[in-house]
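Using the hints provided, position chain B relative to the given structure of chain A.
If you're matching them up, the sequences are chains A and B in order.
Sequence positions in the first sequence follow my numbering and run 1 to 117.
Sequence positions in the second sequence follow my numbering and run 1001 to 1190.
Simulated from the structure, these hints should not be mistaken for laboratory data.
Do not rely on the hints blindly, as some may be mistaken.
[Unchecked claim] When the alpha-carbon atoms are kept at most 25 Å apart in a straight line, the in silico SDA-like pairs for lysine to any residue are as follows:
1. B:Lys1181 x B:Gly1135
2. B:Lys1074 x B:His1088
3. B:Lys1074 x A:Pro67
4. B:Lys1087 x B:Arg1021
5. B:Lys1138 x B:Arg1155
6. B:Lys1074 x B:Glu1046
7. B:Lys1178 x B:Glu1141
8. B:Lys1087 x A:Arg6
9. A:Lys63 x B:Ser1116
10. B:Lys1087 x B:Glu1119
11. B:Lys1178 x B:Met1121
12. A:Lys63 x B:Arg1155
13. B:Lys1010 x A:Arg75
14. A:Lys86 x B:Ala1013
15. A:Lys63 x B:Glu1048
16. B:Lys1074 x B:Glu1054
17. A:Lys29 x B:Lys1003
18. B:Lys1074 x A:Thr49
19. B:Lys1138 x B:Thr1164
20. B:Lys1074 x A:Gln47
21. B:Lys1087 x A:Ala18
22. B:Lys1003 x B:Ile1070
23. B:Lys1087 x A:Asp62
24. A:Lys29 x B:Glu1075
25. B:Lys1074 x B:Arg1029
26. B:Lys1181 x A:Val58
27. A:Lys29 x B:Val1047
28. A:Lys85 x B:His1019
29. B:Lys1003 x B:Val1017
30. B:Lys1178 x B:Leu1134
31. B:Lys1074 x B:Lys1087
32. B:Lys1074 x A:Ala64
33. B:Lys1138 x B:Asp1185
34. A:Lys86 x B:Gln1062
35. B:Lys1010 x B:Ser1116
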Amino acid sequence: MPQTNREIQELLIDYAGALRDGCMPDFLKSLTREEADRIASSAEFWQATEVTRILNSVGFADKAVTPDVGLFISRVNAAIACRLKKARASSPVKRNADRSRGPKPSTQAKTWAEDLL
Amino acid sequence: MDKRLRNALKGLADPDVEHRRRAMEPFVRATFGIFIRCLYRYLGNEVECEDVLEDVYADIWQDPGHLRNINSEKELLRNVYLYYMRKHLREVYRRINRNSYLSQQDLMNLVAPDLSIPEMMSQAELGQVLRRMLGRLKARERRAIELWMQGMSNRAIANELKTTVGAVKMLEFRTILKLKKMLSDCCRED
Chain A
1 MPQTNREIQE LLIDYAGALR DGCMPDFLKS LTREEADRIA SSAEFWQATE VTRILNSVGF
61 ADKAVTPDVG LFISRVNAAI ACRLKKARAS SPVKRNADRS RGPKPSTQAK TWAEDLL
Chain B
1001 MDKRLRNALK GLADPDVEHR RRAMEPFVRA TFGIFIRCLY RYLGNEVECE DVLEDVYADI
1061 WQDPGHLRNI NSEKELLRNV YLYYMRKHLR EVYRRINRNS YLSQQDLMNL VAPDLSIPEM
1121 MSQAELGQVL RRMLGRLKAR ERRAIELWMQ GMSNRAIANE LKTTVGAVKM LEFRTILKLK
1181 KMLSDCCRED
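In isolation and in its complexed conformation, chain B is listed as follows:
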C-alpha cells in the first residue's frame, strides 16, 4: 500500500469528528479513483457512481471502524465494498424493484453480489488476465468480444461478422461462459 494511502487511513482512526473530517480530504484524494472504478463495475454510470460514493465517504467518516488494521489496497477495497458500498448499491435499486418481477434476493445478487476471487483482483491484474484469456479464444469469439468492448451494438457486430443479431448474442453468451471457465481455472492455478 502506498504511503499516501497509509497516512490517509491513519487520519481516519482519530476519535475526534473534526479531525476525522479534515482527514477525509487526503483519504478521498487517495482513494477516489480506486472506488469509482469499483463502483462502475456494478453501475456503469458515472453520475450514479458519484452519488453512491458521496454517501459511502460520509458513512466512512461517520463510522470508520471497518477500516482499522488495513494492510493492503485489496483489503481496503474489500472492506469498503462489503461494509459501505454494498448497502448503497442495494438502496439504488430497491426502489425500482417494486415494479420488477425479480425476487429481492436475485436483485441483490445482480446489483450488489458477493465478491468473488476475480472481482477482488486489481484493475491491472484483471486486464492482464483478460488479455491472456482473450488470446486463447477462437478468432471469431475474440473478435465479437473485442467489438463489444469497443462499444459496438449487437447489430453492428452482426454486420461486421456477417451474421445475424441472434447468432451474435448466442456467440457472445457462449464466449462469456468460456471466459468464466478460463477465469475459474486461472484462479485455481494461482
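Chain A extracted, bound-state conformation:
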C-alpha cells in the first residue's frame, strides 16, 4: 500500500527516485490532495527539484541505453512522411480540384500545408 501523508522531504526523495527510475507517472498518481498542497506551498521542494534533475542528468543520462541512431533516423523519417501525407491529404489544392467547376475560392492565409506543396 503506498505511503500517504508524506512529509516534504519524503515527497522530494520519492520524486527523485521516480525520476531516477523513470516512473514519474506513478509518482504523480500517488500524490494525495494534502501532499499536492504541501508541494505547492513549499519553496524548498521547488529549489530541491532543480538539483535533483541535475543529479539525474549527471549520474544517469550518460548510462541511458539509447538505440542506434540509424534506427532512430528511420523513425524520424517515418514521422515526417506521416506529416507530409497528412498535409497533402488536407491540402486546399486537392479540395480545389474537386471543386474545379465551382466558383474560384478566395485567397486564404498561407498554411504550412500549402507551403509543403
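Okay, now just chain B, sitting in the frame of chain A:
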C-alpha cells in the same frame, strides 16, 4: 560549435521541404546524443525520451524557424528545449493529470520547468561543478548522495550508513538543499 553541427543546421534553413527532409539525417546524427541527455533529465526513461524526441525532430523539420542564427551548442539546446521539447514534455503528463491533485501550473513546473542557469550548462560543465560541490560536503552527506547516484535504494543506503530510512531521506533532502545553495553561489561567482 563543431563543423558537423553547423553544416547540419545550414541544411535546415532550406525552404524546400524535401531538401530539409534530407538535411534531417545529419542533423539527427549531430544532435541525438545532446538532446536525449537533455530529455533524460526530465523523464528518466529512455523509451519516453525517444518518443518525445521523434516528435521534436518532426516539429523541427516542419518549422525550423527558431533554429536560425544559432551560434553555439548551448543556444541550440536552449531554443530546442523552449520551442520544441517543452511542449511535448507537457503533453506527456497532461493526460495523467486528470487523476492528479497537482495543479496544472505545478505539474508544468515539475515536468517542464523554465531553464535555470545550471540547467543551461553542458553535461561536462555540470559534472565538473557537481564534483567540486560534493567535495565540499561532509563525509556522511557525500556518501549518501554518492550511494543514491549509484542507484541504491534508501533502505540500502540506510543499511550502509547504519541509520533509519527516515533519517536517510532527511539527510538527502538537507544535502540537496545545501547543493542548491552551493550551485547558486557558484553561478553567481561565474
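Structure-based check of each hint:
1. Distance check on the hinted pair: B:Lys1181 and B:Gly1135 sit about 14 Å apart at the alpha-carbon level, within 25 Å; holds.
2. For the hint linking B:Lys1074 to B:His1088, the alpha-carbon distance of about 20 Å falls within 25 Å, and the restraint holds.
3. About 24 Å separates the Cα atoms of B:Lys1074 and A:Pro67, which keeps this hinted pair within 25 Å; it holds.
4. Under the criterion of a C-alpha separation no larger than 25 Å, the hint pairing B:Lys1087 with B:Arg1021 is consistent with the structure, at around 22 Å.
5. A C-alpha spacing of about 21 Å is found between B:Lys1138 and B:Arg1155, which places the hinted pair at or below 25 Å, so the restraint holds.
6. About 22 Å separates the Cα atoms of B:Lys1074 and B:Glu1046, which keeps this hinted pair within 25 Å; it holds.
7. Annotation: proposed proximity of B:Lys1178 to B:Glu1141 holds, straight-line Cα distance about 10 Å (limit 25 Å).
8. Pair hint B:Lys1087 plus A:Arg6 does not hold up; C-alpha atoms about 30 Å apart against a cutoff of 25 Å.
9. Restraint check: the Cα-Cα separation between A:Lys63 and B:Ser1116 comes to about 24 Å, which is no more than 25 Å; the hinted pair holds.
10. This hinted pair checks out: B:Lys1087 and B:Glu1119 have alpha carbons roughly 18 Å apart, not beyond 25 Å.
11. A hinted pair counts as satisfied when its Cα atoms are at most 25 Å apart, and B:Lys1178 with B:Met1121 qualifies at roughly 19 Å.
12. With a C-alpha separation of about 23 Å, the suggested pairing of A:Lys63 with B:Arg1155 holds against the 25 Å cut-off.
13. The straight-line distance between the Cα atoms of B:Lys1010 and A:Arg75 is roughly 22 Å, inside the 25 Å bound, and the hint therefore holds.
14. At roughly 22 Å between alpha-carbon atoms, A:Lys86 and B:Ala1013 fall within 25 Å of each other, so this suggested pair holds.
15. Distance hint between A:Lys63 and B:Glu1048 is fulfilled; the C-alpha atoms sit about 16 Å from each other, no more than 25 Å.
16. Annotation: proposed proximity of B:Lys1074 to B:Glu1054 holds, straight-line Cα distance about 21 Å (limit 25 Å).
17. Only pairs whose Cα atoms come within 25 Å are accepted, and A:Lys29 paired with B:Lys1003 is rejected, the gap being roughly 45 Å.
18. Using a Cα cut-off of 25 Å, the hinted pair B:Lys1074 and A:Thr49 holds, with the two alpha carbons roughly 22 Å apart.
19. Distance hint between B:Lys1138 and B:Thr1164 is fulfilled; the C-alpha atoms sit about 19 Å from each other, no more than 25 Å.
20. Between B:Lys1074 and A:Gln47 the CA atoms are separated by roughly 23 Å; this keeps the pair inside 25 Å, and the hint holds.
21. For the suggested pair B:Lys1087 and A:Ala18, the alpha carbons sit about 21 Å apart, so the restraint of at most 25 Å is met.
22. For a cut-off of 25 Å, the pair hint linking B:Lys1003 to B:Ile1070 stands: about 13 Å separates their Cα positions.
23. A threshold of 25 Å between alpha carbons decides the hint, and for B:Lys1087 with A:Asp62 the separation of about 24 Å falls inside it, so the pair holds.
24. For the suggested pair A:Lys29 and B:Glu1075, the alpha carbons sit about 35 Å apart, so the restraint of at most 25 Å is broken.
25. Between B:Lys1074 and B:Arg1029 the alpha-carbon distance is near 17 Å, which keeps this suggested pair within the 25 Å criterion.
26. Of the pairs offered as hints, the one joining B:Lys1181 and A:Val58 holds, with about 18 Å between alpha carbons and a cut-off of 25 Å not exceeded.
27. Between the alpha carbons of A:Lys29 and B:Val1047 the distance comes to roughly 20 Å, so the proposed pair stays at or under 25 Å and holds.
28. Note on A:Lys85 and B:His1019: the hinted pairing holds, with a Cα-Cα distance of about 17 Å set against a maximum of 25 Å.
29. Proposed proximity of B:Lys1003 and B:Val1017 is supported: the alpha carbons are some 23 Å apart, at most 25 Å.
30. Restraint check: the Cα-Cα separation between B:Lys1178 and B:Leu1134 comes to about 10 Å, which is no more than 25 Å; the hinted pair holds.
31. For the given pair, B:Lys1074 sits about 19 Å from B:Lys1087 by alpha-carbon distance, which is consistent with the 25 Å threshold.
32. This hinted pair checks out: B:Lys1074 and A:Ala64 have alpha carbons roughly 21 Å apart, not beyond 25 Å.
33. About 18 Å separates the Cα atoms of B:Lys1138 and B:Asp1185, which keeps this hinted pair within 25 Å; it holds.
34. Taken as a hint, the A:Lys86 and B:Gln1062 pair is honoured in the structure, with Cα atoms around 12 Å apart against an allowance of 25 Å.
35. With a CA separation close to 28 Å, the supplied pair B:Lys1010 and B:Ser1116 exceeds the 25 Å bound.
Checked against the numbered hints given earlier, this structure breaks hints 8, 17, 24, 35; the rest are met.
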